[in-house]
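> Chains as they are written, first to last, in my numbering: chain W, 1 to 250; chain Z, 1001 to 1250.
No lab work stands behind these hints: they were computed from the structure. Treat the hints loosely; a few may be bogus.
[What the hints assert, rightly or not] Below 30 angstroms or equal to it, Euclidean Cα-Cα: the simulated DSS-like pairs (lysine-lysine) are: (1) K148/W x K1231/Z; (2) K225/W x K1017/Z; (3) K225/W x K1148/Z; (4) K1022/Z x K231/W; (5) K1231/Z x K231/W; (6) K225/W x K1106/Z; (7) K106/W x K1225/Z; (8) K1231/Z x K200/W; (9) K1173/Z x K231/W; (10) K96/W x K1231/Z; (11) K231/W x K1046/Z; (12) K1106/Z x K231/W; (13) K1200/Z x K225/W; (14) K231/W x K1044/Z; (15) K1200/Z x K1219/Z; (16) K173/W x K96/W; (17) K22/W x K1231/Z; (18) K1017/Z x K1046/Z; (19) K1106/Z x K148/W; (20) K1225/Z x K148/W; (21) K80/W x K1148/Z; (22) K1231/Z x K106/W; (23) K148/W x K1080/Z; (24) K44/W x K1023/Z; (25) K1096/Z x K231/W; (26) K1225/Z x K231/W; (27) K44/W x K1225/Z; (28) K173/W x K1200/Z; (29) K23/W x K13/W; (30) K1173/Z x K1225/Z; (31) K1013/Z x K1027/Z; (32) K22/W x K1148/Z; (33) K231/W x K1148/Z.
[What the hints assert, rightly or not] Here are some chain W residues the structure puts well away from chain Z; computed CB gaps all over 10 angstroms: (34) T20; (35) K23; (36) T87; (37) Q104; (38) Q154; (39) G155; (40) A198.
Ideal placement from N, C-alpha and C gives every residue a C-beta, glycine not left out.
Number of protein chains: 2
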Amino acid sequence: MKRIESIQNATVKQWKKLATTKKERDKSQAFFIEGFHLVEEALKNKERVLQIIVREDVALPMLWDTDDIPMFEVTAQVAKELAETETTQGVFAVCKQESNTNLQGKHYLLLDAIQDPGNLGTMIRTADAAGVETVILGNGTVDAFNAKTLRAAQGSHFHITLMRMDLEEALAKLMAQDTVIYGTSLDDATLLTDVSPAEKWALIVGNEGSGISPQLLAKTDENIKIPMRGKAESLNVAVATGILLYRLIL
Amino acid sequence: MKRIESIQNATVKQWKKLATTKKERDKSQAFFIEGFHLVEEALKNKERVLQIIVREDVALPMLWDTDDIPMFEVTAQVAKELAETETTQGVFAVCKQESNTNLQGKHYLLLDAIQDPGNLGTMIRTADAAGVETVILGNGTVDAFNAKTLRAAQGSHFHITLMRMDLEEALAKLMAQDTVIYGTSLDDATLLTDVSPAEKWALIVGNEGSGISPQLLAKTDENIKIPMRGKAESLNVAVATGILLYRLIL
Chain W
1 MKRIESIQNA TVKQWKKLAT TKKERDKSQA FFIEGFHLVE EALKNKERVL
51 QIIVREDVAL PMLWDTDDIP MFEVTAQVAK ELAETETTQG VFAVCKQESN
101 TNLQGKHYLL LDAIQDPGNL GTMIRTADAA GVETVILGNG TVDAFNAKTL
151 RAAQGSHFHI TLMRMDLEEA LAKLMAQDTV IYGTSLDDAT LLTDVSPAEK
201 WALIVGNEGS GISPQLLAKT DENIKIPMRG KAESLNVAVA TGILLYRLIL
Chain Z
1001 MKRIESIQNA TVKQWKKLAT TKKERDKSQA FFIEGFHLVE EALKNKERVL
1051 QIIVREDVAL PMLWDTDDIP MFEVTAQVAK ELAETETTQG VFAVCKQESN
1101 TNLQGKHYLL LDAIQDPGNL GTMIRTADAA GVETVILGNG TVDAFNAKTL
1151 RAAQGSHFHI TLMRMDLEEA LAKLMAQDTV IYGTSLDDAT LLTDVSPAEK
1201 WALIVGNEGS GISPQLLAKT DENIKIPMRG KAESLNVAVA TGILLYRLIL
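With the hints as constraints, model all of the structure from the sequences given.
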């Protein structure tokens, strides 16, 4: 195990960049995770874990299989430098991004310009829970590998296929495979309870403020509307996604 | 209109306390809101608006009926002092908390020790959208009138009845009115799709980490389980609440 004591160390600076900048994550096709739960989920797909970093006073669980993964021990000062929050657990990992762009599977969630990192993470977690195999991030959707999104998704990044693709391109491919495309809209839409889910489907959900772009909405097979019974004008996009996905899978 | 220019002014200090401390909100039975959307929603229940505060360069919409409400004009410096975020719209209001503890209505959401202010706000918004009349905050649930909760709820604080009550006491009252009590649990629970919703019901949802307390769970009529189809261990509590409420109302 290699030991690093200084925050001036080049490797530490590289980790910090990976943790905090999309540019570095895009360049290296990797990302940086923090905390026991996330590292444990990552280790279930061990080939995706490139490095593990542990604060000197932290003991890793005996059951973790970390054979052949490069390990780094760091001081409290270095761990603090790497940590997103004040109360860090002192365990981190560098993981590989997948570069899968094959559209295989029955259920897809397509995200059009989702802006809030917490919403994105919650939606990835919800898609995983509902059994969706693939989440496609369209243009304008925030990076899936920033710290807030990773935290909100609670490890679901390692359970499903995440890819970035222009959504018009994705729709063309999915429709060629007889996947039914559902949008969400208040106009010209089927009520949530009246939908008869297809066997293979893709659900598009849109930006927090403006919804799905008109160009995409023009290409859906059917739009679904969640009824507003009270006086709220709309739902949070992650909550709406949960309600829709659990309607479509059941 | 009264004009205030100094952040040392006693009224400004009082507003700031109201915006940032539960203690002051409890004492005065009031709360502090920010932004055009929230103030507009508040004005739809005009009797709840005690004061409106406007930055000197901001024009209020002509359609707002603010007759008889005390108005304050403040400098940019004072507005910045009062604002939660850097990008404030420069409009604020002091509102009255309701002190309603009558349990009237058909649909209730009971919150057992919800800790995250954003989750709480999203749940209040979701309850409103689903047509729930009353949200009861049990012991250990964060204050509903902090800035993050108000922002996430998008004005739903003014649409539904919010009250704080010991949940065992609330359950006793609701059961005496033949309201069916639904809990959420993974053990001894009915699958989401197999629930036959009662006409009058109350749904309890629990703490982000530990769920509903065993004492409360022992008193429910039926517990509901949301199926986990993928590898996620659980759902975000606000998303789960949305899925459950939209199952129960439909």
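> Look at each hint and say if it fits the structure.
Going down the list of hints, with the structure as the test:
Using a Cα cut-off of 30 angstroms, the hinted pair K148/W and K1231/Z holds, with the two alpha carbons roughly 20 angstroms apart. With a CA separation close to 41 angstroms, the supplied pair K225/W and K1017/Z exceeds the 30 angstroms bound. Our distance criterion of 30 angstroms between C-alpha atoms is met by K225/W and K1148/Z, whose separation comes to about 28 angstroms. Taking the CA atoms of K1022/Z and K231/W, the gap is about 27 angstroms. The hint holds against a cut of 30 angstroms.
Among the hinted pairs, K1231/Z with K231/W is inconsistent with the structure: their alpha-carbon atoms are about 35 angstroms apart, more than 30 angstroms. Between the alpha carbons of K225/W and K1106/Z the distance comes to roughly 24 angstroms, so the proposed pair stays at or under 30 angstroms and holds. For the given pair, K106/W sits about 24 angstroms from K1225/Z by alpha-carbon distance, which is consistent with the 30 angstroms threshold. Proposed proximity of K1231/Z and K200/W is supported: the alpha carbons are some 20 angstroms apart, at most 30 angstroms.
With a C-alpha separation of about 26 angstroms, the suggested pairing of K1173/Z with K231/W holds against the 30 angstroms cut-off. Distance restraint check for K96/W and K1231/Z: the Cα-Cα separation of roughly 19 angstroms lies within the 30 angstroms cut-off, and the hinted pair is therefore satisfied. Annotation: proposed proximity of K231/W to K1046/Z holds, straight-line Cα distance about 16 angstroms (limit 30 angstroms). A distance of roughly 16 angstroms separates the Cα atoms of K1106/Z and K231/W; the hinted pair therefore holds under the 30 angstroms criterion.
The hinted pair formed by K1200/Z and K225/W meets the criterion: a straight-line CA distance of about 25 angstroms does not exceed 30 angstroms. Between the alpha carbons of K231/W and K1044/Z the distance comes to roughly 11 angstroms, so the proposed pair stays at or under 30 angstroms and holds. For the suggested pair K1200/Z and K1219/Z, the alpha carbons sit about 16 angstroms apart, so the restraint of at most 30 angstroms is met. For the suggested pair K173/W and K96/W, the alpha carbons sit about 26 angstroms apart, so the restraint of at most 30 angstroms is met.
With a C-alpha separation of about 27 angstroms, the suggested pair K22/W and K1231/Z falls inside the 30 angstroms cut-off, and the hint holds. A distance of roughly 23 angstroms separates the Cα atoms of K1017/Z and K1046/Z; the hinted pair therefore holds under the 30 angstroms criterion. Annotation: proposed proximity of K1106/Z to K148/W is violated, straight-line Cα distance about 38 angstroms (limit 30 angstroms). Note on K1225/Z and K148/W: the hinted pairing holds, with a Cα-Cα distance of about 28 angstroms set against a maximum of 30 angstroms.
Between K80/W and K1148/Z the CA atoms are separated by roughly 27 angstroms; this keeps the pair inside 30 angstroms, and the hint holds. Between K1231/Z and K106/W the alpha-carbon distance is near 16 angstroms, which keeps this suggested pair within the 30 angstroms criterion. Between K148/W and K1080/Z the CA atoms are separated by roughly 27 angstroms; this keeps the pair inside 30 angstroms, and the hint holds. Proximity of K44/W to K1023/Z is assessed by CA-CA distance (about 46 angstroms); at most 30 angstroms being required, the pair is judged violated.
As the CA atoms of K1096/Z and K231/W are separated by approximately 19 angstroms, the hinted pair is consistent with the 30 angstroms bound. Distance restraint check for K1225/Z and K231/W: the Cα-Cα separation of roughly 28 angstroms lies within the 30 angstroms cut-off, and the hinted pair is therefore satisfied. For the hint linking K44/W to K1225/Z, the alpha-carbon distance of about 26 angstroms falls within 30 angstroms, and the restraint holds. Distance restraint check for K173/W and K1200/Z: the Cα-Cα separation of roughly 46 angstroms exceeds the 30 angstroms cut-off, and the hinted pair is therefore not satisfied.
Distance hint between K23/W and K13/W is fulfilled; the C-alpha atoms sit about 14 angstroms from each other, no more than 30 angstroms. Between the alpha carbons of K1173/Z and K1225/Z the distance comes to roughly 25 angstroms, so the proposed pair stays at or under 30 angstroms and holds. Using a Cα cut-off of 30 angstroms, the hinted pair K1013/Z and K1027/Z holds, with the two alpha carbons roughly 15 angstroms apart. A distance of roughly 27 angstroms separates the Cα atoms of K22/W and K1148/Z; the hinted pair therefore holds under the 30 angstroms criterion.
With a CA separation close to 20 angstroms, the supplied pair K231/W and K1148/Z stays within the 30 angstroms bound. The non-interface label for T20/W is consistent with chain Z: the shortest C-beta to C-beta separation is roughly 20 angstroms, beyond 10 angstroms. The beta carbon of K23/W sits about 24 angstroms from the closest Cβ of chain Z, which is more than 10 angstroms, so the claim that it is off the interface holds. A cut-off of 10 angstroms between C-beta atoms confirms that T87/W is not in contact with chain Z; the least separation is 15 angstroms.
Distance check on Q104/W: its Cβ is at least 16 angstroms (rounded) from any Cβ of chain Z, clearing the 10 angstroms threshold; non-interface status holds. With a cut of 10 angstroms on Cβ distances, Q154/W falls inside the contact zone with chain Z, its closest approach being about 7 angstroms. With a least CB separation of 8 angstroms from chain Z, G155/W falls inside the 10 angstroms interface cut-off, contrary to its annotation. In this structure A198/W is separated from chain Z by more than 10 angstroms, as the shortest Cβ-Cβ distance comes to about 17 angstroms.
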